[in-house]
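Trainee: Take the sequences, apply the hints, and build the full model.
So the protein lines, in turn, are chains A and B.
Using the numbering used here, read the first sequence as starting at 1 and increasing by one per residue.
Using the numbering used here, read the second sequence as starting at 392 and increasing by one per residue.
I should point out that these hints are in silico values taken from the structure, not numbers from a laboratory.
Note that the Cβ used here is the ideal one computed from N, Cα and C, for glycine as well.
The hints are all genuine.
Not the full set, but computed from the structure, chain B residues with beta-carbon under 8 Å of chain A:
1. L443
2. P462
3. V467
4. E468
5. P475
6. G479
7. F481
8. P482
9. G483
10. F484
11. G493
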Amino acid sequence: MADSPTTTARPIASIRARTLQLTPPRWVAFCRGAAPIVIGVALAVLLQFYANRWFGGYREKILIDIGINIILAVSLNIVNGYTGQFSIGHAGFMAVGAYTAGFIMYYGSFWLFGDTQFHGGILSATTDPRGLHGPGFSGGDLLFPAALIAGGLVAALFGFIVGLPSLRLRGDYLAIVTLGFGEIVRVVIETTGTVLAGDEIGGQPWYRLLNRVGGPMGFGGLPIYASSFWVWVCVAATVLAAYRIKASTMGRAFLAVRENEIAAASLGVPITRYKVRAFVIAAFFAGVAGGLFAHEIGNMLNAGELGFLKSFDIIIMVVLGGMGSISGAVVAAIVLTILPEALRSVSEFRMIAYALLLIVMMIARPQGLLGIHEMWDLPYFRRRRTGGKTA
Amino acid sequence: MALLEIHNLDVHYGAIQALRGVSVSVEQGKIVTMLGANGAGKSTTLRAVSGLIRPTRGEVRFDGKPIHNLPPHRIVEMGISHVPEGRGIFPGFTVEENLQAGAYVRKMSHGEFERERGRVTKLFPVLKERLAQPAGTLSGGEQQMLAIARALLSKPRLLLLDEPSLGLAPLIVQVIFRIIREINQTGTTILLVEQNIHMALNAAHEGYVLEAGSVVMKDEATKLAANDDVRKAYLGVG
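Mentor: What follows is the structure in C-alpha cells.
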C-alpha cells in the first residue's frame with residue numbers, strides 16, 4: 001500500500017471529511033428535524049409549571065409578553081427583514097387574529113360549554129397550576145389552539161389582500177398602504193356593538209354576533225387561556241418556521257428580492273409571488289400572536305391599543321435586532337419588553353432613555369445589533385464550530 | 392427560422408414611446424449586437440425580451456413560441472437569461488450564493504449544481520477563489536463576471552448582455568469580450584447591447600444600429616465596421 005502512510009498521517013481529518021459527505025440515516029435526519037420542536041415543547045412545559053414558582057406571577061406575565069413580542073418581531077422580520085418590503089401595519093394583522101380568536105373563544109365557549117368562562121386544563125391555566133383543582137385536560141385546551149390557528153388563517157387572508165398592492169408599490173407607498181390597512185381594521189372594529197353577556201347570546205344567529213365584539217369599549221370578558229405553555233409553544237413554532245424558511249429556497253428568494261429586485265426577476269424569481277407569500281406568512285404568525293394577546297392575563301383586548309403605535313413598537317424590534325436576523329429579532333424583543341418594565345421606577349425618564357437608546361443605536365450600528373446575520377454566525381461562535389478554520 | 396424573432400415592437404414608458412416598431416432576429420449560435428447612442432432603445436429591447444417590461448404592440452418569438460406576454464420567470468425557464476445593465480448582483484450574498492441564485496429556475500441536485508458551477512467557473516477562474524466572499528466586495532470587473540456566470544447557471548440558450556463593458560478598465564473589457572466569444576463557441580446564442588462599438592463589432596457576427604427607438608441599419612458586423620456612416624457617427628473616424 002503506497003498511500004497508506006498519508007492516510008494514517010491524518011486519520012481524523014479524513015474520516016471527518018468522509019462522514020460529512022454521507023447523508024445521515026433517515027431516522028437520524030428525522031430526529032434532527034424534530035429536535036427543535038421537542039425542545040421547544042419541553043421548555044414550554046417547564047415554564048408552565050415552574051415560571052410562577054421561580055419568578056413569581058408578575059415576571060411570568062412579563063415572560064408571556066416577551067413571548068408574544070418575539071412572535072411579532074420574528075414574523076414581521078419575514079416581510080421587512082427577509083424580503084425588504086416596508087410594512088407598518090403589523091398590529092392590524094395582530095388585531096384581526098386577536099378578534100377572530102377572541103370571537104371563537106367567547107361565543108364558541110358559550111355554544112360548547114354553556115357559559116363564557118375558562119374551560120381549560122392545567123396547560124392552559126395561567127394562575128399557579130399547582131393550586132389549581134381543575135381537570136388535567138379539557139375541551140378548552142382544544143378550542144384555544146383551534147381559535148389561534150383560525151385567527152392566524154383569517155389574518156393570513158388579510159395578508160394576501162394587503163400583499164396584492166405590493167405587486168405595484170414600493171417603499172414609502174407600500175408603507176402607507178399597510179399603515180392605512182392597520183387603521184381601517186382599528187376603525188372598523190371600533191364601530192362594532194357591545195359584547196353580549198350569557199343569556200343574551202342564546203338564540204342569536206352567529207353572523208349577528210360578528211358585530212358584537214365590544215367596539216371602542218374593548219372586547220371584555222374573554223377567558224384567560226394564554227398560559228406560558230401556549231405562548232412558548234407558539235414562539236418555538238414561529239422561530240423554527242422562520243429559521244427553516246430562511247434556510248430554504250423560498251428564503252433565498254426572499255433575500256434576493258430584498259438585495260436586488262431587478263436581478264432577482266431577471267434570474268427567474270417570481271418576485272410578486274414571493275412578496276405576497278411573505279405577507280401571508282408574516283400575517284399568519286401575527287394573527288396567532290394577536291390570539292395569544294387577546295387571552296393574556298391582565299390584558300383587555302381593545303382595538304385602540306393595536307393601532308400604529310403598536311406596529312412601530314414591532315418595527316423598532318426588527319430594526320434594532322437587525323433586518324433579516326431571527327436571533328436579532330428575538331434578542332431585541334426580549335430587551336425592548338424588559339426595558340420599559342425595568343425602568344418603571346424612573347418612569348418620568350423611561351421614554352427618554354428608550355429614545356436615547358434608539359438614537360445611539362442608529363448612530364453606532366445602523367444595520368441593527370446583528371445585521372442580517374444570526375448569532376451563531378458571529379466570528380466567536382463560528383471559530384468554535386469549525387475548530388479554528390474560517391469558512 | 393431564427394431562435395429569437397422580435398417583430399414590430401413598440402414599448403411605452405408612460406406617455407413616452409421608447410421603441411417604434413423594432414424588428415430584430417437572432418440566429419441560433421450567433422452573436423448579434425445592438426448599437427446606438429444613449430436612449431436609442433437598446434436596453435429597452437432587452438428588457439422587453441426578458442419580460443421585465445411589457446410591449447404595447449408587436450411580438451417576441453423564442454423558438455417559434457410567442458413570449459411577449461409571459462412573466463419573466465417563465466421566460467427564464469424557457470432558456471433566456473438576462474444580465475441587466477449595471478451588473479445587478481446581490482451585494483449581500485456571497486459569490487457562491489449569487490451563483491446558486493442563478494440556478495434558481497433549474498432545480499438541480501447538489502452534484503449537478505457543483506458540476507455546472509465548475510463548468511462556469513472554468514470560464515471565470517477568479518470567481519473560484521472568491522466563492523465565500525460577499526459579492527459587494529468584488530471589483531467592478533469581477534462583479535460583471537459574476538453577473539455573467541450567474542446568468543449561465545440557468546443554462547440559457549440565449550444570453551442577453553446589457554453593456555458588459557460599462558465602467559470597466561480597457562484590459563478587463565478585453566477579457567470580458569474574450570469570454571463572451573468563448574461562451575458563444577460552446578453553443579450559446581448571444582444578444583449583446585454595447586456602447587463600446589469597436590469591441591462589439593469585433594466580436595459579433597451581425598449588428599443592428601438603433602436611433603431614437605427604431606432600427607436604422609442592419610448588416611454583418613464586418614460590413615458595419617467598414618460603413619462610413621457608422622464610422623463617422625460612432626467610431627469617431629473618417
